[in-house]
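Full structure from sequences and hints, please.
Protein chains in written order, with the numbering used here: chain A, 12 to 423; chain D, 12 to 423.
Read the hints as simulated data drawn from the structure, not as lab findings.
Please note that a few of the clues may not be correct.
Since the list gives no way to pick one copy over another, a pair counts as held whenever it fits inside one copy or between any two copies.
Stated by the list, open to error - Below, simulated SDA-like cross-link-like pairs (lysine to any residue); rule was C-alpha separation at most 25 Å, straight line:
1) K155 to T62
2) K352 to D323
3) K209 to V377
4) K224 to N165
5) K224 to D323
6) K65 to R13
7) K116 to E248
None of the values given here were measured: they were computed from a predicted structure.
2 protein chains.
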Amino acid sequence: MRAEIVSVGTELLLGQIVDTNAAYLARGLSEVGISIYRRTTVGDNRERLVTALKEAFEESDVVLTIGGLGPTMDDITREGLAEALGDTLVQNEEIAEGLRRFFTKRNMPVLESNLRQALVPVHGRAIANPNGTAPGVLFEKDGKIGIALPGPPNEFIPMTDDHVLPYLRAKTGNIGTIRSLVLRVAGVGESAAEDRIKDLMLDSNPSVAPYAKVGEVHLRVTAKADTAEQAERMIAERAHLVRERLGTAVYGENDDPLEKAVVHLMTERGLTVSTAESCTGGLVAQRITDVAGSSAVFLGGVVAYSNAAKTDLVAVSADLIARVGAVSAEVAQALAEGARKRFGTDYGIGVTGVAGPGGGTEEKPVGLVYIAVSYPGGCEVDKSNFIGSRAIVRHRASQNVLNMLRLRILNG
Amino acid sequence: MRAEIVSVGTELLLGQIVDTNAAYLARGLSEVGISIYRRTTVGDNRERLVTALKEAFEESDVVLTIGGLGPTMDDITREGLAEALGDTLVQNEEIAEGLRRFFTKRNMPVLESNLRQALVPVHGRAIANPNGTAPGVLFEKDGKIGIALPGPPNEFIPMTDDHVLPYLRAKTGNIGTIRSLVLRVAGVGESAAEDRIKDLMLDSNPSVAPYAKVGEVHLRVTAKADTAEQAERMIAERAHLVRERLGTAVYGENDDPLEKAVVHLMTERGLTVSTAESCTGGLVAQRITDVAGSSAVFLGGVVAYSNAAKTDLVAVSADLIARVGAVSAEVAQALAEGARKRFGTDYGIGVTGVAGPGGGTEEKPVGLVYIAVSYPGGCEVDKSNFIGSRAIVRHRASQNVLNMLRLRILNG
Numbered sequence: 012m013r014a015e016i017v018s019v020g021t022e023l024l025l026g027q028i029v030d031t032n033a034a035y036l037a038r039g040l041s042e043v044g045i046s047i048y049r050r051t052t053v054g055d056n057r058e059r060l061v062t063a064l065k066e067a068f069e070e071s072d073v074v075l076t077i078g079g080l081g082p083t084m085d086d087i088t089r090e091g092l093a094e095a096l097g098d099t100l101v102q103n104e105e106i107a108e109g110l111r112r113f114f115t116k117r118n119m120p121v122l123e124s125n126l127r128q129a130l131v132p133v134h135g136r137a138i139a140n141p142n143g144t145a146p147g148v149l150f151e152k153d154g155k156i157g158i159a160l161p162g163p164p165n166e167f168i169p170m171t172d173d174h175v176l177p178y179l180r181a182k183t184g185n186i187g188t189i190r191s192l193v194l195r196v197a198g199v200g201e202s203a204a205e206d207r208i209k210d211l212m213l214d215s216n217p218s219v220a221p222y223a224k225v226g227e228v229h230l231r232v233t234a235k236a237d238t239a240e241q242a243e244r245m246i247a248e249r250a251h252l253v254r255e256r257l258g259t260a261v262y263g264e265n266d267d268p269l270e271k272a273v274v275h276l277m278t279e280r281g282l283t284v285s286t287a288e289s290c291t292g293g294l295v296a297q298r299i300t301d302v303a304g305s306s307a308v309f310l311g312g313v314v315a316y317s318n319a320a321k322t323d324l325v326a327v328s329a330d331l332i333a334r335v336g337a338v339s340a341e342v343a344q345a346l347a348e349g350a351r352k353r354f355g356t357d358y359g360i361g362v363t364g365v366a367g368p369g370g371g372t373e374e375k376p377v378g379l380v381y382i383a384v385s386y387p388g389g390c391e392v393d394k395s396n397f398i399g400s401r402a403i404v405r406h407r408a409s410q411n412v413l414n415m416l417r418l419r420i421l422n423g
Numbered sequence: 012m013r014a015e016i017v018s019v020g021t022e023l024l025l026g027q028i029v030d031t032n033a034a035y036l037a038r039g040l041s042e043v044g045i046s047i048y049r050r051t052t053v054g055d056n057r058e059r060l061v062t063a064l065k066e067a068f069e070e071s072d073v074v075l076t077i078g079g080l081g082p083t084m085d086d087i088t089r090e091g092l093a094e095a096l097g098d099t100l101v102q103n104e105e106i107a108e109g110l111r112r113f114f115t116k117r118n119m120p121v122l123e124s125n126l127r128q129a130l131v132p133v134h135g136r137a138i139a140n141p142n143g144t145a146p147g148v149l150f151e152k153d154g155k156i157g158i159a160l161p162g163p164p165n166e167f168i169p170m171t172d173d174h175v176l177p178y179l180r181a182k183t184g185n186i187g188t189i190r191s192l193v194l195r196v197a198g199v200g201e202s203a204a205e206d207r208i209k210d211l212m213l214d215s216n217p218s219v220a221p222y223a224k225v226g227e228v229h230l231r232v233t234a235k236a237d238t239a240e241q242a243e244r245m246i247a248e249r250a251h252l253v254r255e256r257l258g259t260a261v262y263g264e265n266d267d268p269l270e271k272a273v274v275h276l277m278t279e280r281g282l283t284v285s286t287a288e289s290c291t292g293g294l295v296a297q298r299i300t301d302v303a304g305s306s307a308v309f310l311g312g313v314v315a316y317s318n319a320a321k322t323d324l325v326a327v328s329a330d331l332i333a334r335v336g337a338v339s340a341e342v343a344q345a346l347a348e349g350a351r352k353r354f355g356t357d358y359g360i361g362v363t364g365v366a367g368p369g370g371g372t373e374e375k376p377v378g379l380v381y382i383a384v385s386y387p388g389g390c391e392v393d394k395s396n397f398i399g400s401r402a403i404v405r406h407r408a409s410q411n412v413l414n415m416l417r418l419r420i421l422n423g
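What follows is the structure in structure tokens.
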């Protein structure tokens, strides 16, 4: 089975946004064992879209479109796909009713344009969209399959994972598959990680490829086999070897970020944590509470941006701040210990630093960050000099906080 | 002049890397005033590449390829482009000599395959590559222009900026440039925004196109004119009309997020704010402090995740929580007022809700969020039912917080 992806949108065509959806879908199709013939991007122009779709159907069995399913005049994909396949769209009353309810509930008028989203093909059906109003559309006509998905990634990704790929996997009868697994590594740089697995990187099946991310490294293990089970077994064996080499530096797999590993570890062990953040301004608390179920672990935090707040909220001595400065190992420790005491948690986090772009001095430059983890047996303080924008400095700091906390728990 | 971009590479096609180069080139072409007809991605397959190139030359005057210019067997673009245009490649002695020197200097053997990089078209020339061994190639034949550029961004970007765009600008006789401006809109949905500017959307130059984002809408105003000055003037006039229709719903321009608009507004007026967050877990504080210079505006915040923390940190009465529940308009108001008092700020923010995926009840479902803004003259409380994942619910809540705060300040 051969597929082609057509991305729709003038913003994409003109490069105003980068097309991460098409790459995501392409990876998914590969994993299902479908070869991709070509990818195309067209603007919000119905004639060009239909031309591209017709050309695509000449070469491929499945054509998947991304974008252009919204309620506005620019949104032309539903009609374009119907035209390319010679099919007709009809209003689905159930979907129309759902849309009417959606807008009425929000006290918004039900515009005629919104009801365009209830159109479904005569030879096909809608694909449910739990995160938005525009359902996807699936055509099955004359041996060809046409699938239209909406552009917003939070709608596109679950629809791809939960509907499109399982549907296509069933269609292909599952012959030959490519699987992959990402091992996520923190606290070790790309070169150092690569150094420890150099020999494994020489094999092509399974292959191991490193990708540097901000504050972490991802190792993608990929295997190709006749069956999913075989591929999974090859991956498991190879991943085991990688884990042996990298030890606790491997914190998790696939899409699970560091905060999830930390929350799960703490939940498992019945531990609690609290935060007192200065330069990260709530980023650490936000990342931890981004994990579902974090309320069992995270009791609370303070964002002590001003010096008065540091003293008032978590009892950092004003004297200490005057003596050593707010950006110091001592104040990081006082923040961590203050949080731990204030919230009565097992662990307390303190972060203070210069996020930039302003506020740096020769002695305390932009990127200087002190992190403290207060724990039952003491307090660990770390000093870093991060390089990058304000957002990068803050992200790297939060990454180090979470990794220090994780390793501290693992090391007892 | 009409152009098409063809990206070459199996890694790109399969989505193992995201194609940022094509987006970069598309933006550059737009600025030079060249319209882009289509973008295509093909794998390392010469036949498919040639087919895509021939199709592209049927529709467009200029076809630019990215990738596939290296020394390996996979690198097929140079030959593919020659075949599509019916041209011949010959070895350029100067480039060959440069390649020999390059490899000899590094004590590497000069392979025949490396010398393929010295091939240039009979009807055309090489494009110098200061950062790599593979020069670009430029064909000019039968009124068509074919340009091949290497894939590594550090080679591709300077070649695009220093050679390709100036060359094309000269070719077009500098007639015409495309400029655009994004107006960012919050508190109004895509359809409602569109409803108010429907007539403006019918014009094609300047054009106005809406794009739905999570919790906001972007309106892209694009103008094509002979000179940059003309285009900018057309955009300014059209943007003025859009702003008249949408009023304070337009919060900013281009890449500046809502938090930046809020921090700038508060800085201008010398106002301060503090936060007491439950379900957003520090996200509001994090977004505000993400803005450089926010320390003048944001004095501090608390993440009152547990009920005890709500009472202890910002004096929300335990009685009140017991009576109406933590997720209630009353507790949102108490959080906002508690924060405002605790930090002594002009404004105080309170957020409480059910972020999900667990924790919802029939009465208080996942997505229910109360937001309160306490201000010198009183307290405004808003109730929302957000749909989507935990991350989406939290993001939409933070978006509403920032917009409520902004409108409250603007409305005195």
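To see whether the hints hold, each was checked on the structure:
{"no.": "1", "hint": "K155 to T62", "in the structure": "both (16 Å within a copy, 22 Å between copies)"}
{"no.": "2", "hint": "K352 to D323", "in the structure": "both (14 Å within a copy, 13 Å between copies)"}
{"no.": "3", "hint": "K209 to V377", "in the structure": "neither (35 Å within a copy, 47 Å between copies)"}
{"no.": "4", "hint": "K224 to N165", "in the structure": "both (21 Å within a copy, 10 Å between copies)"}
{"no.": "5", "hint": "K224 to D323", "in the structure": "neither (37 Å within a copy, 39 Å between copies)"}
{"no.": "6", "hint": "K65 to R13", "in the structure": "both (15 Å within a copy, 21 Å between copies)"}
{"no.": "7", "hint": "K116 to E248", "in the structure": "neither (52 Å within a copy, 37 Å between copies)"}
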